[in-house]
Amino acid sequence: MMTTVKIGEPKLAELQLKDLYDGFRNPEVIKGFAKLITEEAKKLSRPINIMEVCGGHTHSIMKFGLPQLLPDNINFIHGPGCPVCIMPKERIDHAYILAEQEDTVLVTLGDMIKVPGSRGSLQDARAKGADVRFIYSPLDALKIAQENPEKKIIFFAIGFETTTPMTTALIDIVLKHQIKNIFFHINHVTVPEVMVELIDSRDEHVDSYNNAIDAFLGPSHVSVITGSKIYEKFPKEYNRPVVVAGFEPVDVMEAILMIVKQFNEGRCELEIEYKRLVNYDGNLKAQALIENYFEKASLFKWRGLGNVPKSGYKLRPQFADIDAEKIYADILPNEEIEDHKLCICGDILRGMAKPDECTIFGTACKPQTPLGSCMVSSEGACAAYYKYGNLIQ
Amino acid sequence: MNKQITLAMGNGGEENNELISKIFYKAFKNDILEKSEDAAVIHDGELAFSTDSFTVSPLFFPGGDIGKLAICGTCNDLAMMGAKPKYLTCSVIIEEGFSTRELEKIVRSMKKELENNGAIVVSGDTKVVPRGSVDKIFINTTGIGEIQKKGISSNCISKDDVILVSRDLGRHGATIFAAREGIELSSSLESDCASLTHQVQALIEVGIKITALRDATRGGVSAVLNEWAKQSNICIEVEEESIPVCQEVYGICEMLGFEAVNLANEGTFVLAIAKEDETQALDILHTFENSSNAVKIADVSDEYIGKVVLLSSYGTKRFLDTPTGELLPRIC
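Going down the list, the protein sequences come from chains B and U. At position 324 of the first sequence (counting the first as 1) the number is 327 in our numbering, and the numbers step up by one without a gap. At position 59 of the second sequence (counting the first as 1) the number is 1433 in our numbering, and the numbers step up by one without a gap.
Hints are computed from structural coordinates only; laboratory data are not their basis. Any given hint could be a false lead.
Claimed, not checked - Label-pair ranges, simulated between beta-carbon atoms: (1) B:N52 / U:N1529: 41 to 47 Å; (2) B:L302 / U:N1529: 54 to 60 Å; (3) B:I334 / U:F1434: 40 to 46 Å; (4) B:N151 / U:K1400: 39 to 45 Å; (5) B:E338 / U:T1516: 49 to 55 Å; (6) U:G1419 / B:E31: 49 to 55 Å; (7) B:E31 / U:I1406: 27 to 33 Å; (8) B:T366 / U:S1532: 46 to 52 Å; (9) U:H1417 / B:Q371: 35 to 41 Å; (10) B:D284 / U:K1396: 27 to 33 Å.
Unchecked claim - Calculated Cβ distances over 10 Å to all of chain U for the following chain B residues: (11) M65; (12) L69; (13) L72; (14) G113; (15) D127; (16) N267; (17) N282; (18) L287; (19) F322; (20) Y331; (21) A367; (22) Q371; (23) S381.
These numbers were taken from a predicted model, which means no experiment stands behind them. Ideal Cβ positions, reconstructed from N, Cα and C, are used throughout, including at glycine.
Same shape as in the complex, but just chain B (with noise of 0.2 Å):
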């Protein structure tokens, strides 16, 4: 059942890792990217901002510098793709008031345990005694559910498309075998509903055509699940072209580079950068398992943006036993909480405000402290800016 991963034995095939990552991290081919899109960009009538909408994709492009190497008048804007980022305190409540229930061990992956949520995180929660844990896959939460058969094992599930079928694996497995001991509370969001909020707010205290967002980088992880088919509104009905890209910086750059053409020649599409994984359909398998568990959330909040409709995902009601949020309902708390004043995550995820304009950035908005969404990943913009300096332009 555990997830075994085979590293650093090249003998099988004579194949070393980094002839998987080398060619997309070519210096040559990385400037010659460069060279390609400053030529393209001077026949552009005006500057374009593209929001690369996952955490993932805002990651490479600070790691690698990328903004170094293009033109003025093309910018990014880092979208509200970390699933980290975007959970709202009242969520990570639930979380910490979870974990600090009697013979209850809290699972949940990697960074989710640091980001703080009104009663402080998961971190803080652990360091107060609560049995807190995370694991690298959903599936790891068998076994600690096998090595401690009278403790409930409450697995806080967190993520995209790209990680919900994981839960619904683990949800199948619990149900089919019978387990008793794992529950469920689930926080798994959609990315398309976030990006027609971006650009079309329901909100009424936002003026959405104030939105400075041109065009959209795709995360490809997430279309390796759900299919590029998820994206076909944007160029169709919000005039917004779309490019699925890969995570590697030679990636970024040819997206960056087909969005470019595509506005030079008058076109607005839907296109695959990441032709290697990613086809329309995608992983139909995984999409039943979703569909089989899961329904939509008529509403999910958004740490920084505020309730968006459909984005979120629930257990259907048939689940309810192995739902921790039916479960313990009587003792997590439905109160809004407000994000911070002087924030401006809000608009930084809109393009109309880039991290460093924020008051509160890199002073009391640290990533050892994190007040805003942006802040609390390393995936994060403010997180981004602040790791990687993006005072060096």
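Starting from the known structure of chain B, fit chain U onto it as the hints suggest.
This is chain U only, laid out in the frame that chain B set:
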């Protein structure tokens, strides 16, 4: 600072520094301590003095065990001040129920590593505590070494120096992470855990102009470089492509979202030496098995004082920051 001590405060990075400066430095304040070197230099610069406590899970890991680690750790801290380790103390706290055989095994590997360093344990202490009070066994070692070359200090690195690393980075951190519970990775990777006394002595013997040395333990090479940049008021410009990382470590980093420069090492050191001695120093390091891939990774400038800059091979640059937080895999 947080009201409760969190794991992040022991990571060798920023939170750790805050804990040390706000609580310990504040109380113990004195000139020697404030130099913040790997080992204190005492007795008119004749002696180096250092202490370190060891806890590791699992106790036995590919490439070493907690015993080897406990001797290497303290001896390496002494070596980093140009000293030859001489006398150590050894203090252990053992959990009730711990296996005597395992304890013997640990002590045997301590003995072997002491011999390798030419040092002896001259005083010790044992405590046994009730089950659950410690995780199996904690070891503290404290050591005194005779300084062979005076004046090594991380406070006086200048533009006349180059920065080298003694081998590929991140092996210990990656090995321990891969071996820990919940991360089921199988790999042929071994920790770099090793004593550095012989390499340092060899460099001193031929008269290499050593400005500073530091073993890149918790927080990795990026913590060392950032501390150096701040302590010496310099900018360190690292050529990203020259940073040596083996395939296994790279694979683990790619998968979990880590960077090898942030991972702990237990037998890898960073050197700041005079430019003109670069070739000779590398030649000497290359004669030792565990520094056979030593290489220059950085130059010193005054471009961004107090900062470490990473230069990519395609012309971009970014800051390399001190690692923060507990080492946690990124989710996507």
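Okay, the hints, checked on the actual structure:
no.: 1; hint: B:N52 / U:N1529: 41 to 47 Å; verdict: 46 Å, holds
no.: 2; hint: B:L302 / U:N1529: 54 to 60 Å; verdict: 57 Å, holds
no.: 3; hint: B:I334 / U:F1434: 40 to 46 Å; verdict: 43 Å, holds
no.: 4; hint: B:N151 / U:K1400: 39 to 45 Å; verdict: 41 Å, holds
no.: 5; hint: B:E338 / U:T1516: 49 to 55 Å; verdict: 53 Å, holds
no.: 6; hint: U:G1419 / B:E31: 49 to 55 Å; verdict: 51 Å, holds
no.: 7; hint: B:E31 / U:I1406: 27 to 33 Å; verdict: 51 Å, violated
no.: 8; hint: B:T366 / U:S1532: 46 to 52 Å; verdict: 32 Å, violated
no.: 9; hint: U:H1417 / B:Q371: 35 to 41 Å; verdict: 39 Å, holds
no.: 10; hint: B:D284 / U:K1396: 27 to 33 Å; verdict: 56 Å, violated
no.: 11; hint: M65; verdict: 7 Å, violated
no.: 12; hint: L69; verdict: 7 Å, violated
no.: 13; hint: L72; verdict: 6 Å, violated
no.: 14; hint: G113; verdict: 4 Å, violated
no.: 15; hint: D127; verdict: 6 Å, violated
no.: 16; hint: N267; verdict: 24 Å, holds
no.: 17; hint: N282; verdict: 20 Å, holds
no.: 18; hint: L287; verdict: 21 Å, holds
no.: 19; hint: F322; verdict: 23 Å, holds
no.: 20; hint: Y331; verdict: 24 Å, holds
no.: 21; hint: A367; verdict: 15 Å, holds
no.: 22; hint: Q371; verdict: 6 Å, violated
no.: 23; hint: S381; verdict: 6 Å, violated
Of the numbered hints stated above, those contradicted by the structure are hints 7, 8, 10, 11, 12, 13, 14, 15, 22 and 23, listed in ascending order.
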